[in-house]
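Enquirer: Put chain B on the given structure of chain A with help from the hints.
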Amino acid sequence: MLDWSMIAVGVMLCIALVLNLWRLLIGPHVVDRILALDTMYINSIALILLYGMYNGTQLYFEAALLIAMLGFVSSVAFGKYLLRGDIIE
Amino acid sequence: MNFWVELLISVLLLLGGVFVLVGSIGLIRLKDLYVRLHAPTKATTLGLGGILLGSMVYMSHQHGYLSIHELLITLFLVITAPVTAHILAKVALHHEVAMMKRTRNQHHVDTARSQLPPQEQSRDKD
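If you read the protein sequences in the order shown, they are chains A and B.
Under full-length UniProt numbering, the residues of the first sequence are numbered 1 to 89, in order.
Under full-length UniProt numbering, the residues of the second sequence are numbered 1 to 126, in order.
Same shape as in the complex, but just chain A (with noise of 0.2 Å):
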């Protein structure tokens, strides 16, 4: 049973994501283009702990973290971007 609901847990995120690149290539403004992108961060952490609770290993973990650390930062440095036309003031 829990095969088959990982299997199944697994289809949703692919069909997620494939609706975030969807987002992020018709997205009438950059702002949706951005909001796509850190949802496929977030979609993205969440099909890689499930691929590391499928293989029953730890060994993913430090990556999803790493992929949440990067995805805020970047979402941040993108709106600030847009904001002020400067990151580091």
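Mixed in with the good hints there might be a few duds.
[Stated by the list, open to error] Short derived list, chain B residues pointing at chain A, Cβ under 8 Å:
1. Gly-17
2. Val-18
3. Gly-23
4. Leu-33
5. Pro-40
6. Thr-44
7. Gly-47
8. Leu-53
9. Ser-60
10. Leu-72
11. Ile-87
12. Lys-90
[Stated by the list, open to error] Derived DSSO-like pairs (lysine-lysine); straight-line CA-CA distance at most 27 Å:
13. B:Lys-31 to B:Lys-90
14. B:Lys-101 to B:Lys-42
15. B:Lys-31 to A:Lys-80
16. B:Lys-42 to B:Lys-31
17. B:Lys-90 to B:Lys-101
18. B:Lys-90 to B:Lys-42
19. B:Lys-90 to A:Lys-80
20. B:Lys-42 to A:Lys-80
21. B:Lys-31 to B:Lys-101
Just so you know, the hints here were simulated from the structure itself, not pulled from any lab data.
This one's a predicted model, so the numbers in the text were calculated from it and none came from an experiment.
Think of the CB as a built atom: it goes at the ideal place given N, C-alpha and C, for glycine as much as any other residue.
Expert: Here is chain B on its own, set in the frame of chain A:
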């Protein structure tokens, strides 16, 4: 593995996956950037929280000790998701992204952009 532990992990994982999927569907289907900001934050907190809780139960059951790594990721995401949403909303406000026609109180947008109090209140004070 015990049946009930497996059922608990499956329910948590499916709950998280459904919330992540709903967040992405909302990102596609909602009409307006300000409304669209609402959907992925649910995916961040509830969806990833469910998946991380399921992973925590699984790893704790498999290795025999309480696994805390996942709480770190949950804590980090819960702290950073509102900051990202706030900055994106601020960028959209300052770039004058068009909002839906049905949005109420649209005349407050200009005063919010220049960080003034709403106009009705200042008129009442006078």
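Enquirer: Now tell me, hint by hint, if it's right for this structure.
Expert: Evaluated hints:
no.	hint	in the structure
1	Gly-17	holds (4 Å)
2	Val-18	holds (7 Å)
3	Gly-23	holds (7 Å)
4	Leu-33	holds (6 Å)
5	Pro-40	holds (4 Å)
6	Thr-44	holds (5 Å)
7	Gly-47	holds (7 Å)
8	Leu-53	violated (11 Å)
9	Ser-60	violated (11 Å)
10	Leu-72	holds (7 Å)
11	Ile-87	holds (4 Å)
12	Lys-90	holds (6 Å)
13	B:Lys-31 to B:Lys-90	holds (18 Å)
14	B:Lys-101 to B:Lys-42	holds (25 Å)
15	B:Lys-31 to A:Lys-80	holds (25 Å)
16	B:Lys-42 to B:Lys-31	holds (17 Å)
17	B:Lys-90 to B:Lys-101	holds (20 Å)
18	B:Lys-90 to B:Lys-42	holds (19 Å)
19	B:Lys-90 to A:Lys-80	holds (10 Å)
20	B:Lys-42 to A:Lys-80	holds (23 Å)
21	B:Lys-31 to B:Lys-101	holds (10 Å)
The structure fails hints 8, 9 (numbered hints given earlier, in ascending order).
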